[in-house]
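Colleague: Sequence:
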Amino acid sequence: MTDCGQGISRLIFILYLINLLIYGFADIDLKELVKARLNPEAAGSTTYTHCEIHPSLILGVCASFIPFPNHNPSPYITHQSAIGKQAMGIYATNTQFNMHSTTYDLHYPQTPLVTTRATKLLNFEKLPAGVNAIVAISSHCGYNQSDSIIMNQSSIDRGLFRSSVFRAYRDEERNIGTLIKEEFGVPNRANTMGLRHRSYEKLDDDGLTPPGTRVCGGDTLIGKTSPISGRDVQGPLMRYTRRDHSTGLPGSESGTVDRVLLTTNASGLRLVKVRVRTQRIPQIGDKFSSRHGQKATIGMIYSQEDLPWTVEGITPEIIVNPHSMPSRMSVGQLLESLLGKVAAQSGRVRDATPFTGITVDSIKEALLVSGYQKLGEDRMYQGGTGRPLESMVFMGPTYYQRLKHMVDDKIHSRARGPVQILTRQPTEGRARSGGIRFGEMERDCLISHGAANMLKERLFELSDPYRVHICQSCGLLAIANPTNRSFGCKLCKNNINIFQVHTPYSFKLLVQELMAMCISPRLLLQ
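Per the UniProt record's numbering, the sequence shown starts with residue 1, numbered consecutively.
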């Protein structure tokens with residue numbers, strides 16, 4: 001049995017080797033035997049079993065779009081791999097026909113001046129997702145501190161980073177039972193029950209909003225009703241013969257109806273999709289990012305005459321704070337700016353594939369030949385006074401991406417609104433008209449400033465104020481009916497020493513939940 005087992009083991013090992021040498025497949029058992037060479041100099045060596053085509057192929061699809069990734073820390077390569085999926089651009093060649101739920105289209109995308117070989121192989125040049133912006137690295141006016149950028153208003157007016165958001169709203173007719181079917185149409189207020197607080201005036205005769213119609217929050221996009229049987233309504237409701245099932249635009253949205261699709265589903269019933277288009281112009285709070293994980297939001301927008309300019313009359317479109325560079329060590333962005341300057345001057349797209357031997361010295365020489373300072377710096381003049389700035393400014397073309405995170409989709413405020421059933425605190429989230437979270441750090445700030453009244457207002461009076469009655473004898477929650485003026489404590493049978501206390505409802509809920517676990521917190525009154 002021992003010889004037979006050893007023979008089977010040798011046979012399995014030989015089959016593994018055949019699988020490795022002929023087909024090139026290596027599993028976990030053979031990882032110790034595989035050794036790949038990374039450079040062509042060792043071509044004649046017998047030490048290696050495999051050959052890596054190129055070192056840049058260790059990167060994935062998203063990371064292979066990054067220029068000079070070998071000059072960036074690995075966390076920022078990973079960061080860009082996630083951010084690149086959020087960038088606006090041309091995501092498909094049939095964007096005017098598809099009806100996806102939410103899509104983002106950049107109006108004027110550009111092919112990057114500094115690219116990689118993978119960019120061409122994966123057709124990123126045909127479906128780009130960014131713009132070659134003139135980026136200056138400078139502390140200007142203080143509005144670009146803490147990961148924010150300053151943007152040129154004149155460039156925005158010329159269409160820089162302008163985009164559209166498409167949202168599709170879907171509805172279909174359904175069978176309710178065997179004889180009742182929903183139908184598209186304009187609800188009649190005289191015989192339709194359940195009408196929402198919406199506007200039904202923009203619906204066409206078929207119950208659909210026609211293309212080109214301007215809509216805003218509270219408008220109805222798709223009108224739909226269903227018949228009501230006589231058994232479901234009685235008394236004054238007998239005049240209603242139909243029930244409303246219309247689809248409306250959320251209160252925070254607005255736009256123009258771009259396209260209406262009417263078709264049938266698998267059951268032969270009608271299905272409708274209405275696509276709403278909204279134009280988005282860059283504004284303060286919108287999010288942008290370079291291809292090196294340097295994300296930022298717009299902190300201020302200045303007109304062109306208020307921004308610094310060079311002798312050639314070039315005004316930067318984006319001004320980035322230099323303090324975002326040293327700690328993050330994203331040297332690849334600096335090299336991209338230098339090589340982008342050479343590419344713009346020569347009129348040729350430059351290659352920045354990693355591990356190809358492109359050096360900083362070669363880029364410096366190309367800059368000198370093009371007539372620029374070898375470190376990519378320019379003498380700039382103040383826009384307001386025309387006086388020269390004291391220091392040189394590093395400036396050049398950098399490929400920037402506009403991300404899908406925009407302030408119009410996130411801005412939210414609330415005065416009064418709904419509360420949760422369990423805790424009686426304000427609901428959470430913009431879609432539910434929720435409150436703004438006042439967290440632990442905000443609480444600690446008010447405590448450190450000694451703002452006691454503000455603390456009480458935020459955490460109690462405007463959150464979940466409640467009145468409980470407590471027995472002074474035993475310290476437990478008492479039973480109280482202020483309407484009948486009846487008060488009492490079940491534990492100590494006390495009907496006199498019952499006091500009313502103002503407390504957050506969440507605290508009262510906590511006490512009751514502890515009591516449900518056989519823990520009785522006793523409250524001492526003074």
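In short, the hints are calculated from the structure, not lab data. Even glycine gets a Cβ: it sits at the ideal position worked out from N, Cα and C. Careful, some of the hints might be misleading.
As a list, the in silico DSSO-like pairs of lysine-lysine whose alpha-carbon atoms are at most 30 Å apart [what the hints assert, rightly or not]:
(1) LYS374 <-> LYS85
(2) LYS273 <-> LYS120
(3) LYS120 <-> LYS287
(4) LYS295 <-> LYS202
(5) LYS493 <-> LYS456
(6) LYS287 <-> LYS456
(7) LYS85 <-> LYS410
Label-pair ranges, simulated between beta-carbon atoms [as the list claims (entries may be wrong)]:
(8) LYS181 <-> PHE97: 51 to 61 Å
(9) HIS50 <-> SER391: 35 to 45 Å
(10) PRO521 <-> MET325: 17 to 27 Å
(11) MET325 <-> LYS410: 25 to 35 Å
Colleague: So which of the earlier hints does this model not fit?
Modeller: 1, 2, 4, 5, 6, 8, 9 and 10
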